[in-house]
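First to last, the protein sequences are chains A, B, C, D and E.
If you're matching positions, the first sequence starts at 1 in our numbering and goes up one per residue.
If you're matching positions, the second sequence starts at 1 in our numbering and goes up one per residue.
If you're matching positions, the third sequence starts at 1 in our numbering and goes up one per residue.
If you're matching positions, the fourth sequence starts at 1 in our numbering and goes up one per residue.
If you're matching positions, the fifth sequence starts at 1 in our numbering and goes up one per residue.
Just so you know, these hints were derived from the structure itself, not from any lab.
All of these numbers come straight from a predicted model, not from anything done at the bench.
It is possible that part of the hints are untrue.
Note: identical chains are not told apart, hence a pair may lie in one copy or across any two.
As the list claims (entries may be wrong) - Here are the simulated lysine-lysine pairs, DSBU-like style, with alpha carbons at most 30 angstroms apart:
#, residue 1, residue 2
1, 38, 17
2, 17, 52
3, 41, 15
4, 84, 48
5, 84, 15
6, 35, 52
7, 17, 84
8, 38, 52
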Amino acid sequence: MEFWGVEVKPGEPLKVKPEVFRLIHISQAALGEIKDGKGPKCVPIHLKVGDKKYVIGTLSAEDRPQLMFDLVFEREFELSHDWKDGSIYFAGYIADDDSRYPFTLVYDMFTLITSSYSVLRIC
Amino acid sequence: MEFWGVEVKPGEPLKVKPEVFRLIHISQAALGEIKDGKGPKCVPIHLKVGDKKYVIGTLSAEDRPQLMFDLVFEREFELSHDWKDGSIYFAGYIADDDSRYPFTLVYDMFTLITSSYSVLRIC
Amino acid sequence: MEFWGVEVKPGEPLKVKPEVFRLIHISQAALGEIKDGKGPKCVPIHLKVGDKKYVIGTLSAEDRPQLMFDLVFEREFELSHDWKDGSIYFAGYIADDDSRYPFTLVYDMFTLITSSYSVLRIC
Amino acid sequence: MEFWGVEVKPGEPLKVKPEVFRLIHISQAALGEIKDGKGPKCVPIHLKVGDKKYVIGTLSAEDRPQLMFDLVFEREFELSHDWKDGSIYFAGYIADDDSRYPFTLVYDMFTLITSSYSVLRIC
Amino acid sequence: MEFWGVEVKPGEPLKVKPEVFRLIHISQAALGEIKDGKGPKCVPIHLKVGDKKYVIGTLSAEDRPQLMFDLVFEREFELSHDWKDGSIYFAGYIADDDSRYPFTLVYDMFTLITSSYSVLRIC
Numbered sequence: 001m002e003f004w005g006v007e008v009k010p011g012e013p014l015k016v017k018p019e020v021f022r023l024i025h026i027s028q029a030a031l032g033e034i035k036d037g038k039g040p041k042c043v044p045i046h047l048k049v050g051d052k053k054y055v056i057g058t059l060s061a062e063d064r065p066q067l068m069f070d071l072v073f074e075r076e077f078e079l080s081h082d083w084k085d086g087s088i089y090f091a092g093y094i095a096d097d098d099s100r101y102p103f104t105l106v107y108d109m110f111t112l113i114t115s116s117y118s119v120l121r122i123c
Numbered sequence: 001m002e003f004w005g006v007e008v009k010p011g012e013p014l015k016v017k018p019e020v021f022r023l024i025h026i027s028q029a030a031l032g033e034i035k036d037g038k039g040p041k042c043v044p045i046h047l048k049v050g051d052k053k054y055v056i057g058t059l060s061a062e063d064r065p066q067l068m069f070d071l072v073f074e075r076e077f078e079l080s081h082d083w084k085d086g087s088i089y090f091a092g093y094i095a096d097d098d099s100r101y102p103f104t105l106v107y108d109m110f111t112l113i114t115s116s117y118s119v120l121r122i123c
Numbered sequence: 001m002e003f004w005g006v007e008v009k010p011g012e013p014l015k016v017k018p019e020v021f022r023l024i025h026i027s028q029a030a031l032g033e034i035k036d037g038k039g040p041k042c043v044p045i046h047l048k049v050g051d052k053k054y055v056i057g058t059l060s061a062e063d064r065p066q067l068m069f070d071l072v073f074e075r076e077f078e079l080s081h082d083w084k085d086g087s088i089y090f091a092g093y094i095a096d097d098d099s100r101y102p103f104t105l106v107y108d109m110f111t112l113i114t115s116s117y118s119v120l121r122i123c
Numbered sequence: 001m002e003f004w005g006v007e008v009k010p011g012e013p014l015k016v017k018p019e020v021f022r023l024i025h026i027s028q029a030a031l032g033e034i035k036d037g038k039g040p041k042c043v044p045i046h047l048k049v050g051d052k053k054y055v056i057g058t059l060s061a062e063d064r065p066q067l068m069f070d071l072v073f074e075r076e077f078e079l080s081h082d083w084k085d086g087s088i089y090f091a092g093y094i095a096d097d098d099s100r101y102p103f104t105l106v107y108d109m110f111t112l113i114t115s116s117y118s119v120l121r122i123c
Numbered sequence: 001m002e003f004w005g006v007e008v009k010p011g012e013p014l015k016v017k018p019e020v021f022r023l024i025h026i027s028q029a030a031l032g033e034i035k036d037g038k039g040p041k042c043v044p045i046h047l048k049v050g051d052k053k054y055v056i057g058t059l060s061a062e063d064r065p066q067l068m069f070d071l072v073f074e075r076e077f078e079l080s081h082d083w084k085d086g087s088i089y090f091a092g093y094i095a096d097d098d099s100r101y102p103f104t105l106v107y108d109m110f111t112l113i114t115s116s117y118s119v120l121r122i123c
C-alpha cells in the first residue's frame with residue numbers, strides 16, 4: 001500500500017487511472033486554504049465513471065471543510081467540483097487488487113515448487 | 001474489487017441484486033444537485049431486504065447533504081427515498097465474497113497439485 | 001458475509017445471539033420515521049453484554065438522526081433505547097469469525113491431502 | 001474477534017492491558033446518561049501510552065455525545081476524562097494480532113505435516 | 001500492529017518516516033487542551049509528501065475538535081498546522097505492509113521446507 005493524493009483545481013476536472021491490478025481508495029476530500037476571508041458555502045463534488053455521473057458529497061467552509069469517503073476504483077474516473085476560488089484535495093491510498101490474490105499465491109507457489117525442484121530433489 | 005454506484009430517482013425505488021459470490025458494499029449516500037434554490041430539510045432513506053423494511057438514515061440539504069454507511073449485501077435489496085425534487089446517489093464497491101475464500105484456495109491448490117503431477121513426478 | 005438488520009421497538013429491548021463461529025458487526029443505528037410532527041431531541045442507546053451495561057450513543061431527530069458504529073459481537077447482546085414514540089433500526093453485517101481461519105484452513109488442507117491420498121499415490 | 005467495552009468513571013483513570021498476541025481496537029466513546037438536567041459542554045478525553053500523553057477527542061452533551069475512533073493497542077494504555085458528573089463508555093473489539101499470522105500458519109502447517117508423517121507415509 | 005501517535009507542536013512541522021515494510025495508518029487528529037479560555041476557530045492541517053502539499057482537514061475548537069482520517073503512508077511525510085497556541089495530536093497504528101505478504105509467506109514456506117528436509121526425509 002502507498003499514499004495517494006491529488007489536487008483538483010477550480011474548473012479543471014481531473015482524470016485518474018489506476019495501474020493494472022492496483023486499486024485507488026479515496027478516503028477523503030478537503031477544501032484547500034481560503035485566501036480572501038470568506039470560504040464557499042456549498043461545493044458539490046462530482047464523480048464520473050464511464051458515462052455515469054454522480055454527486056458524492058458537498059463541502060462547506062464553515063460546516064464541512066472535509067468529508068470522508070470509502071470508495072474504491074479499479075478503472076478510470078474523473079473528479080471535479082464547483083468551487084471557483086480554490087482547490088479541493090483528495091487523499092487515500094493505493095492497494096493491490098485483492099481479488100487477484102488467490103491466483104497470485106498459487107502462481108507464486110507453483111513457480112517456487114518447480115524452480116526448487118532440483119533443491120528438494122524429491123526421489 | 002470494483003467501483004459501484006447508482007442513482008435513485010424521485011418516486012422510483014431501485015432493486016439491486018449482487019452477482020453470485022459477489023458482495024455489494026454501500027459506503028455512502030449523497031443528495032444530488034439542488035436545482036431551484038432551496039434543498040430538502042429531511043429526506044429519510046429506506047431500505048428493503050426480503051420483506052423487512054428499514055430506515056437507514058436521513059439526509060438534509062443544509063446539515064447532512066451526504067452520509068456514510070458500512071453496509072454489505074449478498075442478496076437483493078431495494079433502495080428508495082422521500083425527496084420529490086431530485087435524485088440520491090449511492091456509492092461503494094463490489095467485492096468477492098470472502099467466506100468463499102478458504103474453499104477457493106484449497107480447490108485451486110488441489111487443481112494445481114494434481115495438474116502438476118507429471119511435472120513434479122514424485123517417485 | 002451477509003446483511004444484518006433489526007428493528008428495536010419502543011419499550012422492547014431486543015436480545016440478539018450470533019450463530020456459532022459467526023460475528024455480528026453493527027455499523028449503524030437510525031431513528032425510524034417521525035409520525036406526529038416533531039421528533040425526539042435526545043435518545044440514548046443502551047447496550048447490555050453479559051451483566052454489563054453501556055451507553056453507545058445518543059440519537060436526535062434534528063442533529064443526529066443516524067449514527068455510525070464499528071462494533072463486533074461474538075456472543076449474546078441486548079439493544080434498547082429511550083424513544084417512546086418510534087423504532088430504531090440497527091444495521092450491519094454477519095461475517096465468519098476470522099480467528100477460526102488458520103485452524104479451518106489447516107484442517108481443510110489436512111482433509112484434502114488425506115482424502116486425495118489415492119489420487120496423488122505418493123510412492 | 002470479540003466485543004470489548006469499558007466504563008471509565010469520573011476521576012478514575014483506567015489502565016487496560018491487552019493479552020499477549022491480542023489487540024484491543026477502540027471504535028468509539030460515548031457520554032453516559034445525564035442525570036441532573038444539563039450535560040457537560042466540553043469533555044476532553046485523555047490517552048496515555050508509555051510515558052506519552054495524547055488528547056484523542058472532546059465530547060459534548062449537545063453537539064457530540066459520541067465519537068468514533070480507529071485506534072489499536074498491543075500494549076498497556078490508560079484512558080481518562082474530565083467529566084466530573086458521569087462515566088464515559090468506550091467500546092470496540094478484541095482481535096488476534098495479524099502480524100503473527102504468517103508465522104502461525106507456517107508453524108501450524110509444520111506441526112501438521114510432521115504429525116501426519118505416519119499417515120501420509122511418504123516413501 | 002501497534003499503536004502510533006505524535007504531538008505536533010505549534011510552529012514545528014514534524015517529519016515522520018515509516019520503517020521498511022511497515023505502514024503508518026493515521027486515523028485521527030485532535031486539538032490539544034485549550035489553556036486560555038477560547039479555542040481556535042479554524043485550524044487547517046497540512047500534509048507534505050515528497051514535494052507535494054495537501055490540506056487534509058480543518059479543526060475548530062467548537063465545531064470540530066477532532067477529525068477522522070483513513071490515510072496510509074509507506075514513505076516519509078510531514079505534518080503541520082496553523083494553531084499558534086497549542087498542539088495537535090495525531091493517532092493511528094503501524095501495520096505490516098500487506099503487499100509484502102504473498103512473497104513473505106512463500107519465502108517462509110521455502111525456508112521451512114528446505115530446513116525441514118532432513119526431518120521429512122522424503123525418499
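Each hint tested on the structure:
Taking the shortest Cα distances, residue 38 and residue 17 never come within 30 angstroms of each other, neither inside one copy (34 angstroms) nor across copies (36 angstroms). Within a single copy, residue 17 and residue 52 get their C-alpha atoms as close as 16 angstroms, and across copies as close as 19 angstroms, so both meet the 30 angstroms cut-off. Taking the shortest alpha-carbon separations for residue 41 and residue 15, only the intra-copy value of 25 angstroms comes in at or below 30 angstroms, while the best inter-copy value is 33 angstroms. Taking CA atoms no more than 30 angstroms apart as the test, residue 84 paired with residue 48 passes in both settings, with 19 angstroms inside one copy and 24 angstroms between copies.
For the homomeric pair residue 84 and residue 15, the shortest alpha-carbon distance inside one copy (19 angstroms) is at most 30 angstroms, but the shortest distance between copies (32 angstroms) is not. In this assembly of identical chains, the alpha carbons of residue 35 and residue 52 lie at most 30 angstroms apart only when taken from different copies (19 angstroms versus 33 angstroms within one copy). Taking CA atoms no more than 30 angstroms apart as the test, residue 17 paired with residue 84 passes inside one copy only; the shortest distance there is 25 angstroms, against 36 angstroms between copies. In this homomeric assembly, residue 38 and residue 52 come within 30 angstroms of each other (Cα to Cα) only across copies, at 25 angstroms, whereas the closest approach inside a single copy is 33 angstroms.
Checked against the numbered hints given earlier, this structure breaks only hint 1.
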